[in-house]
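Residue numbers (this note's numbering): 831 to 1078.
Note that these hints are calculated values from the structure, not bench results.
Hints should not be assumed to be uniformly reliable.
Said to hold, decoys possible - What follows is a list of derived Cβ distance ranges for each label pair:
{"hint": "1", "residue 1": "LYS975", "residue 2": "ALA1010", "range": "35 to 45 Å"}
{"hint": "2", "residue 1": "ALA856", "residue 2": "GLN1007", "range": "49 to 59 Å"}
{"hint": "3", "residue 1": "ASP902", "residue 2": "LYS975", "range": "29 to 39 Å"}
{"hint": "4", "residue 1": "GLU915", "residue 2": "ALA880", "range": "11 to 21 Å"}
{"hint": "5", "residue 1": "ASP922", "residue 2": "GLU884", "range": "20 to 30 Å"}
Said to hold, decoys possible - Below, a list of computed lysine-lysine pairs in the PhoX-like style, where the Cα atoms sit at most 25 Å apart:
{"hint": "6", "residue 1": "LYS905", "residue 2": "LYS993"}
{"hint": "7", "residue 1": "LYS993", "residue 2": "LYS939"}
{"hint": "8", "residue 1": "LYS905", "residue 2": "LYS842"}
All figures in this text were calculated on a predicted structure; none of them were measured in a lab.
By construction, the Cβ of each residue, glycine as well, lies at the ideal position given by its N, Cα and C atoms.
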Amino acid sequence: MSAKQDFGFLPKGFDLEPELLDQISARSGIQRCLIGHDELLLIVHEVPQAGVPEREPLVFWRTPAGGWFGPDSRKGLGQLSALLERYHAVVDEYEAVIDESEGAAEVFKVLRHAGPLARSTRNMLVAIEQACTHDDDNRELMTLKDRGRELERAAELLYHDAKLVLDFQQAERAEEQQAATERLNTIAFRLNLMAGFFLPLVGIGGLMGMNVDLPEFVHSWFWGIFFGGLLLGVVVLFLVGWKTGGRE
């Protein structure tokens, strides 16, 4: 059996029976309800901090007489009710961030914290339900259990909403990038058609501009050759457009 002074997370005013002391170690551990002979020990966690893996325990003790005491040794479950309010406040704050978010960075920040928040609310509800099972005539505890269920649902919805918004924003960015790529492809295609249209004329002009002796009829047929080059450009333009099926 362990000595009580080994458990630093226990409030000083808690005088637990040996059956409960034998079930705990020097660390608070997960959220749970420990059942003794005539006593209960409810261990829950404070609202998780973003990026902090450690959890701050809050311990509630039900005495053999049936009364509950909170972490500050104050009688009643008022601190458990306040803890649920803090969870609700964080969930509401993050829901507002999602509704007003304009970028993926804000939503991703919420999503990273929403996962631990949802797990913590779910495990806390399980611990409270265990306590209710062994203190089933406590109306205040039953009310807190119902509030815990509402909180669990709100935290789960927060996580799924954040993930859905992030996926939507990613899909929206992908569509914008795809549209921009299509516009660039269309511009490049039109430029290639224009280059193909002038290619025969440029080739003929390069040939006639070389320092070589050309036949005399070439000089007299200049305009014919010029328009012939344009005609070849039209043919190339038609063939290329027909082969590719044309583009808008």
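Here's how the hints hold up against the structure:
no.	hint	verdict
1	LYS975 / ALA1010: 35 to 45 Å	53 Å, violated
2	ALA856 / GLN1007: 49 to 59 Å	54 Å, holds
3	ASP902 / LYS975: 29 to 39 Å	22 Å, violated
4	GLU915 / ALA880: 11 to 21 Å	19 Å, holds
5	ASP922 / GLU884: 20 to 30 Å	24 Å, holds
6	LYS905 / LYS993	41 Å, violated
7	LYS993 / LYS939	11 Å, holds
8	LYS905 / LYS842	14 Å, holds
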